[in-house]
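Q: Using the sequences and the accompanying hints, generate a full structural model.
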Amino acid sequence: MMDRTPNAEEERELEQVRELLSRQEKDQNRLIPILQAVQDTLGYLSPGAVREVAAHLGMNDAQVHGVASFYNHFRFTPLGKHPIQMCMGTACHMVGGELVLEALERTLDIKVGGITEDGEFSLDRVACIGCCGLAPVMVIGDRIYPRMTTTKVDEVLVNLKMEADAAGGAEGDDPGNTPESA
Amino acid sequence: MTFEEIKKEALSRWEPLETDGTPVIRIGTATSDRAAGALEVVSAFEKELDRLNVRAVILRTGSIGFCNYEPLVIISKPDYPRICYNNVTPEMVPRLVEGFLIEDDPCMEFALGTLEGGDGDTPPHIPELPRTEHEQRLILRNCGFIDPEDIHHYIALGGYGGLARALEMTPEEIVDEIDRSGLRGRGGAGFPTGRKMAACLRAEATPKYVVCNADEGDPGAFMDRVVLESDPQAVLEGMIITAYALGSPQGYIYTRMEYPLAVERLKTAISQAEELGLLGDDILGSGFAFRIEVFQGAGAFICGESSALMYSIEGKRGFPRVRPPQSIESGLWQKPTQLNNVKTFANIPVIIDRGADAFAAVGTDRSKGTAVFALAGKVENVGLVEVPMGTKLDTVIIAIGGGVKDGKRFKGVQTGGPSGGCLPEEFLDTPIDFDSLTAAGAMMGSGGMIVMDEDNCMVDAARFFLDFTVKESCGKCAM
Chain A
1 MMDRTPNAEE
11 ERELEQVREL
21 LSRQEKDQNR
31 LIPILQAVQD
41 TLGYLSPGAV
51 REVAAHLGMN
61 DAQVHGVASF
71 YNHFRFTPLG
81 KHPIQMCMGT
91 ACHMVGGELV
101 LEALERTLDI
111 KVGGITEDGE
121 FSLDRVACIG
131 CCGLAPVMVI
141 GDRIYPRMTT
151 TKVDEVLVNL
161 KMEADAAGGA
171 EGDDPGNTPE
181 SA
Chain B
1001 MTFEEIKKEA
1011 LSRWEPLETD
1021 GTPVIRIGTA
1031 TSDRAAGALE
1041 VVSAFEKELD
1051 RLNVRAVILR
1061 TGSIGFCNYE
1071 PLVIISKPDY
1081 PRICYNNVTP
1091 EMVPRLVEGF
1101 LIEDDPCMEF
1111 ALGTLEGGDG
1121 DTPPHIPELP
1131 RTEHEQRLIL
1141 RNCGFIDPED
1151 IHHYIALGGY
1161 GGLARALEMT
1171 PEEIVDEIDR
1181 SGLRGRGGAG
1191 FPTGRKMAAC
1201 LRAEATPKYV
1211 VCNADEGDPG
1221 AFMDRVVLES
1231 DPQAVLEGMI
1241 ITAYALGSPQ
1251 GYIYTRMEYP
1261 LAVERLKTAI
1271 SQAEELGLLG
1281 DDILGSGFAF
1291 RIEVFQGAGA
1301 FICGESSALM
1311 YSIEGKRGFP
1321 RVRPPQSIES
1331 GLWQKPTQLN
1341 NVKTFANIPV
1351 IIDRGADAFA
1361 AVGTDRSKGT
1371 AVFALAGKVE
1381 NVGLVEVPMG
1391 TKLDTVIIAI
1401 GGGVKDGKRF
1411 KGVQTGGPSG
1421 GCLPEEFLDT
1431 PIDFDSLTAA
1441 GAMMGSGGMI
1451 VMDEDNCMVD
1461 AARFFLDFTV
1471 KESCGKCAM
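Line by line, the protein sequences give chains A and B.
When the letters of the first sequence are read in order and numbered with our numbering, they come out as residues 1 to 182.
When the letters of the second sequence are read in order and numbered with our numbering, they come out as residues 1001 to 1479.
The hints are simulated quantities; they were obtained by calculation from the structure and are not laboratory data.
Just so it is clear, the structure is predicted and the values come from calculations on it, not from any experiment.
Some hints could be false.
As the list claims (entries may be wrong) - 27 Å max Cα-Cα, derived BS3-like pairs, lysine-lysine:
#1 B:K1316 with B:K1267
#2 B:K1316 with B:K1335
#3 A:K111 with B:K1335
#4 A:K26 with B:K1335
#5 A:K26 with B:K1267
#6 B:K1405 with A:K152
#7 B:K1392 with B:K1408
#8 A:K161 with A:K111
To be verified - Facing chain B, according to a computed beta carbon distance under 8 Å, are these residues of chain A, among others:
#9 Q24
#10 K26
#11 N29
#12 L31
#13 N72
#14 F74
#15 F76
#16 T77
#17 H93
#18 C128
#19 C132
#20 L160
Ideal Cβ placement from N, Cα and C applies to all residues, glycine included.
A: In structure tokens form, the structure reads like this:
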């Protein structure tokens, strides 16, 4: 798996994982909650993270990977800044959920499970979130978008980009760009 | 504190809501409400009340389950019946505050109806709606009416009375009461709950475990989500009574991770129950100790199957196993484990508090009590329905559900999730109970009911479910 020295970003991630693990019992029964905590922190399970968790619990990488890969929730590629999840429940499917998913794939030029080149958006399916009255449902981060249509896809993505740009300007983390005055 | 003291304290916090003259604004804030914009409505009310200097209490409730009417707001003002407003938007809020709260205009142009009941005996209901005469809200009695993040509300309306009574009974008496009630598992298999408990009671190994299956994997089913987000204490109380009967020290609620609000509300409910001595060490001074942990799933449908679920809690892949041995003898960590669905546990406090006979008076000969369904798809009134077992399918879909949307023709109704079936028009007359649905070639399942119309393609529906089962396959059967 990792037979080269981790780069700075990877090292930072490993530090976060080690810090988290230092507060966890060495109990193999707790593997799934531990993996959930690691993914909540990093956004995904990197090869390095899997190795650290295995070492902490006295298991080998393959055992940990074997459990993690069984569950749909665990990702082995990073999340986008705006992680998009399309509900794939029966009600959502019946009212055109697949079409919205295809529209997302086309607009973002990625497939399900992928991430855009700029790291802004990732796309996944999610099993039913139980908002069937508002199907088809899309979730981005912790925000729910009800009654999605193919035509709404562009609008939602553009609005997200605009909100992100506005927030970036207000926080001043890109001093070269002053925001347009309203 | 004794239970009498706890109840007195709870009533002292609940009763002023009804009697002290301050208007109360109930706003549903479960997941479906939020998706419909409920939190923006809450903010709009807060802003408007502040701006106009109006005194009122905003109660963030769970969902009453009328999903097509959400965001739902119920306003109680002295000398008026409680009025229910549907599909409320932030733009409507100034009119409601000025019109009803300040002046005396109840804004009936926005009203869905009035809300009666909610005194702990009669569940809250809207008499103007045709569905009311067919429903019997037992499990859903507190949903949309109480604050699920305030245990005092649950207690004031009768909550934990079941536990107080159970602590005066022997384990055998408790199991016998549940057996006599005729309660059958609400996860879909319909196994008699009392019989399962009796077998677990007889098992000798310790420690015994109590597990709540809150995975609700069937796509299109959201009954359990609403109960967990709107009345989580009912589920806890059912687990504590069960644990007391079986002598179990530890419980788990395996909750699907796609339900983050349910996870959050369960954790709040657990900590509030512990604070009052209803959970934890020495429960209500009985010497009995029981703890509950919320365990989040990781997105595997198969983990809704009880043996796979238990392996998941143990940190393993969710591969189901062959039985025997049954989980009641050898389940979690090979110890006797009582696993029940959310709704099964929610029924238990009612049975112990009101007695098996009262419970068994509702329903049919072999299917006692009520059934909760999540009605979705091409139907007018999408949401939760609770009816006595034995109610006909067409009553649920037409009288309560409002029939097929947009005047289209009914094609079929899918029940039981991916392993269930689709019932066409000629089966609309079928009574809803475990045995009749099985005889018709479908199954009760956990309660998801998806209505399909003439525009739905059954071949596509079959392919959807096959696709689903392929994606969710654990791989065992392919070996």
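Q: Against each hint, give a clear statement of whether it holds in the structure.
A: Results for each hint:
Between K1316 of chain B and K1267 of chain B the alpha-carbon distance is near 24 Å, which keeps this suggested pair within the 27 Å criterion. At roughly 16 Å between alpha-carbon atoms, K1316 of chain B and K1335 of chain B fall within 27 Å of each other, so this suggested pair holds. Proposed proximity of K111 of chain A and K1335 of chain B is contradicted: the alpha carbons are some 44 Å apart, above 27 Å. This hinted pair checks out: K26 of chain A and K1335 of chain B have alpha carbons roughly 22 Å apart, not beyond 27 Å.
The suggested pairing of K26 of chain A with K1267 of chain B holds, with an alpha-carbon distance near 24 Å, which does not exceed 27 Å. Note on K1405 of chain B and K152 of chain A: the hinted pairing holds, with a Cα-Cα distance of about 23 Å set against a maximum of 27 Å. With a C-alpha separation of about 21 Å, the suggested pairing of K1392 of chain B with K1408 of chain B holds against the 27 Å cut-off. Distance check on the hinted pair: K161 of chain A and K111 of chain A sit about 20 Å apart at the alpha-carbon level, within 27 Å; holds.
Using the Cβ-Cβ criterion of 8 Å, the hint placing Q24 of chain A at the interface with chain B is not satisfied: the shortest such distance is roughly 12 Å. A least Cβ separation of about 12 Å between K26 of chain A and chain B goes past the 8 Å threshold, and the interface hint is therefore violated. Hint on N29 of chain A holds. Least Cβ distance to chain B is approximately 5 Å, under the 8 Å limit. Because the smallest distance between the Cβ of L31 of chain A and any Cβ of chain B comes to about 4 Å, under 8 Å, the interface hint for this residue holds.
Given hint, N72 of chain A at the interface with chain B, holds; its Cβ is 4 Å from that chain's nearest Cβ, closer than 8 Å. The interface hint given for F74 of chain A holds, since its Cβ lies 6 Å from the closest Cβ of chain B, which is under the 8 Å cut-off. Residue-level restraint check for F76 of chain A is violated (minimum Cβ-Cβ distance to chain B is 13 Å; threshold 8 Å). Interface hint at T77 of chain A: violated, since its Cβ lies 16 Å from the closest Cβ of chain B, which is beyond the 8 Å cut-off.
Contact between H93 of chain A and chain B, as hinted, is supported at the beta carbon level, the nearest pair being about 5 Å apart and thus within 8 Å. A hinted interface residue such as C128 of chain A counts as satisfied when its beta carbon comes closer than 8 Å to some beta carbon of chain B; here the least separation is about 4 Å, so the hint holds. Given the 8 Å rule on beta carbons, the hint for C132 of chain A holds: about 4 Å separates it from the nearest Cβ of chain B. Contact between L160 of chain A and chain B, as hinted, is not supported at the beta carbon level, the nearest pair being about 17 Å apart and thus beyond 8 Å.
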